[in-house]
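Asker: For reference, the chains in residue letters:
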Amino acid sequence: MKEITYKVHRFNPEKDSKPYFQTYTFPLKPAMTVLEGLYYILEYLDHTLSFRSSCRMAVCGSCAMHINGKYRLACNTQITSLKSKTVVVQALLHLPNLKDLVVDHTGFFENLIALKPWLLAKEPVPEKEYLQSPKERKKLDVVTECIMCQACYASCPVAGTDSKYFGPHAFLKALRFVNDSRDNATKERLHQVAGETGVFRCHTIFNCQDVCPKHLDPAGAIAKLKLAATLEKLKGKLKTQASA
Amino acid sequence: MSIHHDIVVVGGGLAGLRAALQAKFAGADVAIITKVHPLRSHSGAAEGGINSPLANNPDAKDDNPEAHAYDTVKGADFLADQDAVDILCSDAPEMIYETDHWGCPYSRYGNGKIAQRYFGGGRYPRTCYAADKTGHYLLHTLYEQALKHQLKIYEEWMCLALAVENNACKGLIAYDIRTGTLVPISAQAVIMGTGGHGRIYRNTTNAHINTGLAMSIAYWAGVPLKDIEFVQFHPTSLARTNILLTEGCRGEGAYLINKDGERFMKRYVSEKVMELAPRDIVSRSIMTEIEQGRGIDNAYVYLDMRHLGEKKIDERLPGTKELCLEFINLDPVKDPIPIQPGQHYTMGGIDTNAWGETKLAGFLAAGECACISVHGGNRLGGNALLETLVFGKRAGQRAAELVKQKPNSPSPKALDQALKNLQAKQEELFKGKGSENHFDIKNRLAQLMVEKAGVFRTEKDLTEGKAKLQELKQRAKNLAPVTQEKRFNFDYIFSMELQGNLEISEAIFTAALERKESRAAHFRKDFPERDDLNWLKHILVNWSSEGPKLWSEPVKIIRYQPEERKY
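Chains as they are written, first to last, in the working numbering: chain X, 1 to 244; chain W, 1 to 567.
None of these hints come from the bench; they were simulated from the model. The reader is advised that the hints may include incorrect statements.
[Said to hold, decoys possible] Each computed SDA-like pair below joins lysine to any residue, with the alpha-carbon atoms no more than 20 Å apart:
(1) K116(X) x W102(W)
(2) K214(X) x H66(X)
(3) K139(X) x H101(W)
(4) K214(X) x P318(W)
(5) K148(W) x L115(X)
(6) K116(X) x H149(W)
(7) K420(W) x K486(W)
(8) K486(W) x N97(X)
(9) K321(W) x D141(X)
(10) K486(W) x T48(X)
(11) K29(X) x D440(W)
(12) K266(W) x K566(W)
(13) K321(W) x S81(X)
(14) K138(X) x H101(W)
(15) K128(X) x D91(W)
(16) K138(X) x W102(W)
No experiment lies behind these values; they were computed from the predicted model shown.
The shape of chain W in the complex, shown without the other chains:
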């Protein structure tokens, strides 16, 4: 069996759906492959909202794309590329209006306009929201459009390898999870829209599907990863489960308090900003409280929304209440919620330009798996949903143009080679000569990442972590035989994903060791200051058989010169 499409989009979340829709609007023959039904994508778990300087809120009269851009760049600790940030913010209103016209049920003001709330790091209330389930509503809206426009979707197919020849992508090898078959798909352009690598951290807010495999597939194919040392820890993940509790809680006025009932954020930022500082700062503040003995059970602080009252909580934050009741049997109307920082977002990723293009011809990426970079060292809440739509659309548009302008000739040979490599790997896994359980290795890796590459980092921890990672890599070479069943073989899928988990983790350790400064989400206790002279640059990582190879590229600075990042 062999399949051809002009454009294949990998991933059925917001970035993938928006890219595929745009390619279809531009007249291209496009298909999506996605390892879960599109509605199961992690985009649907986004809660708080999507930023756009619509100036609908009376407090936001003066808001505009330039103010949004400045907040984004400052939030990024000046590591974001400002040309890309300008695109993100100037295209934002169009994305909100478009999704409104497609039926997204945004919350409203009395005058009928879309409601907006405050989010961390924003000077104006510019986060459009639909209660606290914005991602769910946007994902369903985009899926509805996919149905309307009859997008071809290969459901429960995942990408396991790219086919590459002469530095051009010729397609990919898909794995049909329902039948257990490896299927070559020839394409003139492939767009990756597969989300982040959250699951390499034990304390992640991310879905089980967010393993970052597609990111490592690009990395193996020679595409560099950029800013990969920057990992966002969301301040408020629910105790025990690390399920996300939206920043919207604090946007609506919730407090963070320590075991003494004290609003501790005043120690770290100005009284005006308090709980609404950017995520990296709030996460570090919480960890400091816990480390200095002011946490609860040495692991949590409280998110307190009792003073908001039942009516406001039910109206604006119903999902948060539901999560607390269902997962820890706690009613946030009556009790403060135990929370801790949890891995939440991958700022780094597949190195792309502002059209989603990579250094591999015919291969593009958009959304969380990509790094343009619009988020730099720290993403502002509300900018991720926006990025998926703005840059998903652009990647789809660009791919359609590329296919029209300059045909990327098919290469059955490249596909055949990629297929043979995968078949050999599969055979090796099925035969497995060792006794190691790959799930156990993954669980140990996830614990290691939290301990050694978390909110606070040091040379000692990172070096130890990298050494332990090598031990895990060795163990991963001695796996017990993997199940050979055809249908829904999650043993095989997770064993393949482990290989990617290990590679991405190694890239994170290596880049984090290299960056000897503290900038936004990358905080080195042994180098606590930002060092623009030496480190105002992107670290890029290339895969090699001897280990990650690092190099760097300058940050694109246009309007906003780096200044002290104070809130």
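With the rest of the complex left out, here is chain X:
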């Protein structure tokens, strides 16, 4: 039977002074995913290993990790697709490590919450559903599909050096509401994303677009927000000049 070797990032702040890699070798099953391998280790080789997981079908966002040089979901990455005899698994690098492959996502979610990620609905609220044309609804494709897995956030050098920078996930969410015909706060949202820790800090490196396991486009969202925020500012300015 074929075997596979995992090199796994280990760190238990209760007893380890610094992180280290631990190696495990075990039988490789056909189409086995990286997550299934981690479960094999936990269940049969090392009960002390810690990692997050839930749905194992790429929709819950629990298991984003750094796997063989790239941020991916462990659950939808097949081991053989890595084309390597060794699987190197690390936690998300820019986030504080709590233990082994588990990171602290508090800052990630705080940055999201700062941008008011909920519908600020148009009044009056109708008795039945808001009428929304298929064309308007189409603008919600992609931008609503983010699973908040943090792969983009961990890969972003700006987020890595400034914990206050809202981050690609938060901007994608902001665009989701800007694009929503039911939302009434576009102006406020554009003002907010254009602030000191906002979209203009993005260096357009495209890591977020490159790593997104759902094939979404936070970089594109940031570009759209930059443009919309710029136009919004110019519009105000032009108006002031006209009235002067």
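Chain W: place on chain X using the hints.
Answerer: For chain W alone, coordinates are given in the frame of chain X:
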């Protein structure tokens, strides 16, 4: 450390979030404890949609709550309580409009109204959907509301025991997964919204987190489980992984074909219904094809959507395509998909009334962990998401009223006792005198449940299964020492969950042996007919140290008298 809230909701999925929001709207001091971040909840994996008789689809002009109720009762093989079903269906439109007003991106028709598709067992296209990721969108929408209303959430805390005194729930003991601490939480009302027990079956579509532990915690605390023998097997789970492929595929026109390329459903139901029969019937049909040698590799049949074309698949079923490509390297535009029935849903659960109340004062439940019962012997696709919202809201409302009306006085003594019991159990696990690996026991249990309490059941299989289960229970008493690390100690968590897995499985075997008839998802080859005279009733199970104790309660039949269930 000791914490108090008027109401504590266990679980951050749709039922838990909706319950907590309602309690907050009603002015109560409420907090959620959830063993994973709310967005990691299994509600997010629901795909196909949520039922509501909005009559938006031109084919559904005549649809109404009563038609929805009849379909639900017939789908349930007349085991559902009809008063609760009426509530489910009459409250449905309000739930859709509410989540639309909160931003759920439902798919739309040209006139701007919410789109609806056909689902199994429904006479009208009444399943509202947002592509094939409806659960994901609803979960994110509810989470956004939780943020907006600043719900207090104890993230990565799980409930390990209830504190009970004089038949009243006084709070619970939580386990903080980040620090490894047991924390007593005093509460006037506890609402369980923790999902199903899917992971006790190896072939489940459910997430790793769906172990049913909270269900067994209620069971241990003296609350009965109801209809626990009814387990839903979804017809179309993806080969090897058992990942769910939505019923929406068939709703959009996909075929089921055997190895000869034949649409075999015509052998089992009318030509009009075909692939859109209720799930229990389709699952049995697939298993029969496989048993009679018309399957693929003796394990699968095909779900064929090639004739739908790339455009429709990309627009309506993008998630399904993505799952096939990522997990089995297959493009459903070009090739038929190998599928098999997989455990999907827990119809039974914590016995509640239509307000979520249980026989234990101050303890409520909602969503998949609860059994009201609105699903009876078989749940219709699209009714689970609906149930979480309708009955989550009602449980939150009721808990808030209870807290206002009649204070449930705190009992530090009850909390202390529950804490001491858990500490003793923890000590026992840490010291472990045996050599058994609890993960291995869990894996063997999951295989046993598929083999002995699956789609088809017999007295022989169930008896053998129950005997093997006793062996596993014995092995579980001789565990090797469990890891004592504090942070994210999954060894400890899964060893605790195994105890619950074994109890729920025993309840399933016992009730399934008792029910000597075939009704919906419970199919006994040795009793292949429905027997209303003897079995038109709910089986309830109480925990006792000598094993499960069974009793029964009548089904509430109001408008729809039992009739032959033909499709």
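Asker: Do the alpha carbons of K148(W) and L115(X) lie within 20 Å of each other, as the hint requires?
Answerer: Distance ~11 Å between K148(W) and L115(X) Cα, so the pair holds.
Asker: Does H149(W) lie within 20 Å of K116(X) when you go C-alpha to C-alpha?
Answerer: holds (11 Å)
Asker: K420(W) and K486(W): Cα distance at most 20 Å?
Answerer: At roughly 18 Å apart (the allowed maximum being 20 Å), K486(W) and K420(W) satisfy the hint.
Asker: Holds or violated: K321(W) with D141(X), Cα cutoff 20 Å?
Answerer: Status holds; Cα separation ~16 Å.
Asker: Given the hinted pair K139(X) and H101(W), is their alpha-carbon gap at most 20 Å?
Answerer: Holds - the C-alpha atoms of H101(W) and K139(X) are around 17 Å apart, at most 20 Å.
Asker: Is K214(X) within 20 Å of P318(W), Cα to Cα?
Answerer: holds (11 Å)
Asker: Given the hinted pair K128(X) and D91(W), is their Cα-Cα distance within 20 Å?
Answerer: holds (13 Å)
Asker: Starting from K266(W), check that the Cα of K566(W) is at most 20 Å away, please.
Answerer: holds (13 Å)
Asker: Verify the proposed pairing of K116(X) with W102(W), using a straight-line Cα cut of 20 Å.
Answerer: holds (13 Å)
Asker: Between K29(X) and D440(W), is the straight-line Cα distance small enough, at 20 Å or below?
Answerer: holds (18 Å)
Asker: Sort out whether H101(W) lies within 20 Å of K138(X), counting only the CA atoms.
Answerer: holds (18 Å)
Asker: Is the Cα-Cα distance between K138(X) and W102(W) 20 Å or less?
Answerer: holds (18 Å)
Checked against the numbered hints above, the structure breaks none of them.
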